[in-house]
Amino acid sequence: MRTALLIARKDLSIRLRDKSAFIYGIIAPLGLAFIFSFVFNPIQNSTFSAEYVVVNQDGGPVGDQFVGVLEGLGDEYTIREVDSVDDAKKQVEVGSDAFAGEDEVKADAAFIIPAGFSEDLLSGDGGTITVVGAASSALSAQVAFSIADGFASGYDALNLAVSTAIPEGVEVDPQTRGMMFGEAAQVPAPLGLDDVSTATKQLDATTYMAAGMAVFFLFFTVSFGVSGLLEERRIGTMDRLFAAPINRNSIIMGKALTSFVLGIVSMSVLVVATSLLLDASWGNPVGVAMLVVAAVFSAMGILAIVAATAKTQEQAGSFQAIISLLLAFLGGTFFSISQAGGLLEKLSLITPHAWFLRGLGDLQGGEVSSVFPSVGALLAFGLVTGGIAWVFLQKAVQR
Amino acid sequence: MNGDGLVLECRDLRRAFGDLQAVDGVGFSIAEGETYGLLGPNGAGKTTSISMICGLLERDSGEVVIDGHPLTTKSVAEKRAVGYVPQDIAIYPDLSAKENLNFFARLYGLSGVERKKRVDEVLEIIGLADRANDRSEDFSGGMKRRLNIGIGLLHSPHLLILDEPTVGVDPQSRNAILESVENLSTEGMAVLYTTHYMEEAERLCNRVGIIDHGKIVAEGTRRELIELVGQRDRIRLRATGNIEAAAQATASMPGVYEAAARDDGLDVLVDNAADALTGILGTVAAAGVSVSSVDVDEPNLEAVFLHLTGRALRD
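These protein sequences, in sequence, are chains A and B. Residue numbering for the first sequence follows the numbering used here, beginning at 1 and increasing consecutively. Residue numbering for the second sequence follows the numbering used here, beginning at 1001 and increasing consecutively.
With the rest of the complex left out, here is chain A (with noise of 0.2 Å):
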């Protein structure tokens, strides 16, 4: 251990000195952050609003009802009465007039509830709402879409419940029929939900993006201290470290450890840094440390066997480069790759960088155990690859 001590000592100050391990294992993945920081945390912070108008033509029961229920939406919804059809969706086309003047009065979205619609309903005969969206208001138009289908799949539900209340054969006037509607919509919903997902299991962008940063780098950081074994044998001084009276074990243990100590300093810079300067919330100090002391661990495992494999330092640079960007695709480290779903989604969780993401993701809404299970993935990975690295470094290290 005392000549792995001394291998890594020696590398360390050889690699602060390049100023690479520095520029690589901070400068970059700070910068990164901080960048990605402002170009996504205005996109994510900013507030949600819509201007709607409602043209209710019905006057009954259900087109009140309705008219209730937007009018009760939340102060990011502006909810206007007009009276015409026409009006209505003169307002949605200067809402998707991107030259439209801005004392020009304009909707995302129209309403409009035909005459007769509650009569409809309730007699059985069913109804239609009207929703026109403006095309340069997508998110606003799909709000109001899903809020009309909300309703509808609503009095569905309502529907059925009364109707399985009436008897066979008997026959309810509409008033009747209305008051059933209106008692059923007072049963409380048997079936909550509760978010937390997004409330309090996810990064904010801030977060994600220096992660995200910290994790994608922290490959490069690591690789300078596995891939020194090559560095050793170009420059010629592998000959002098077999020559001396060492075991040989140990100059695979001393390049290990220069890849740890890179990795953890790295990291926990960037933790703190992003944390006072960026305002980050990483979450947990314990959890946070168990996922970057095993995120560590799988990151030398899969650059040793890249170093150990490669001919030259030229052909492990490349190879660390190619590796270390599709895990980081495939991770999600540049966008969360859980919105993707599927295929890519299953994907990411041959990566460490999912895994770590994940563990954050995790540890936002729950205790330090909930890292448990990505921490054990990621020293997974870290004891398969660096197994593997460990029997081709033998080879390498005998001649």
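Just so you know, not all the hints are guaranteed correct.
Simulated pairs of lysine-lysine, BS3-like, Cα-Cα distance not exceeding 30 Å [stated by the list, open to error]:
#, chain 1, residue 1, chain 2, residue 2
1, B, Lys1074, B, Lys1116
2, B, Lys1116, A, Lys19
3, B, Lys1215, B, Lys1074
4, A, Lys106, A, Lys89
5, A, Lys19, A, Lys311
6, B, Lys1215, A, Lys395
7, A, Lys311, B, Lys1074
8, A, Lys311, A, Lys395
9, A, Lys395, B, Lys1116
10, A, Lys90, A, Lys106
Have a look at the derived ranges for each label pair, beta carbon to beta carbon [stated by the list, open to error]:
#, chain 1, residue 1, chain 2, residue 2, range
11, B, Lys1117, A, Lys311, 40 to 46 Å
12, B, Gly1127, A, Lys311, 36 to 42 Å
13, B, Leu1020, A, Ile23, 18 to 24 Å
14, A, Ala321, B, Thr1072, 37 to 43 Å
15, A, Thr309, B, Gln1172, 32 to 38 Å
16, B, Gly1310, A, Thr309, 43 to 49 Å
17, A, Met1, B, Glu1121, 27 to 33 Å
Simulated from the structure, these hints should not be mistaken for laboratory data. We put the CB at the ideal spot given by N, CA and C, even for glycine.
Following the hints, position chain B against chain A.
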């Protein structure tokens, strides 16, 4: 060192790389204070041989004994007795001369005051004391070569192995290196020196092994090797007088193989010019011949190599 005063004994070393038998039964020994030269052209098997002796390279067969202890690639303690100076410069360019020396000194177990003292001593020996804290990347080729040698000397090894240490070195640095090696053997260190420069082997080495195609084809002192192939010293006298009579008188002297008259003097073939010259000059003078100049041509190892292998050292 064993009871015979031998620091290194290697026997029947063999190593093949695929179909190429790089080393084929090499064996020799080196005693304390002796400088042994392994002389051969490029590709003769010198570097492969010393790689096995240093414990860098696994051997297919054979044995290496350092100070009475077998040495293999896995040996640890035994390697402390060996100092290795590779053919290519093997230093950390980002570290200063002192940092390079300190790192390897620690690797060889030197610590504290002993390490500092030894590092300073070596810096003086290799003439880099005034550049100790400069990055070795900025050194000239000769300075790098000297640092390369210094690292091998750090732990005062019993056996120093130098693999063609003067390749690509300017004449001044080359001379400094050769002087350093001469001093080492006088201090009692055993030195194994590989080279394809005949002059270096003749200047430095007490004994020389001539290696070709992975085999040692002849071994001995310079004189023994020359005698082995029947080469003799030639004394050329520029003279006036009765040259024929002088040639006849000289030819009958002990140790003289041939004496031939020329128009301007005579040529004499002897075993050893240094031993025979005084007697020959006396005999020639007694024959009434006046000598105006004397030239001595001693056969060198280049001629021996040519005789033994049929090709020149630099082929």
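Check: Looking at the structure, which of the earlier hints fail to hold?
Finding: Hints 9, 13 and 15 are the ones this structure does not satisfy, whereas the remaining hints hold.
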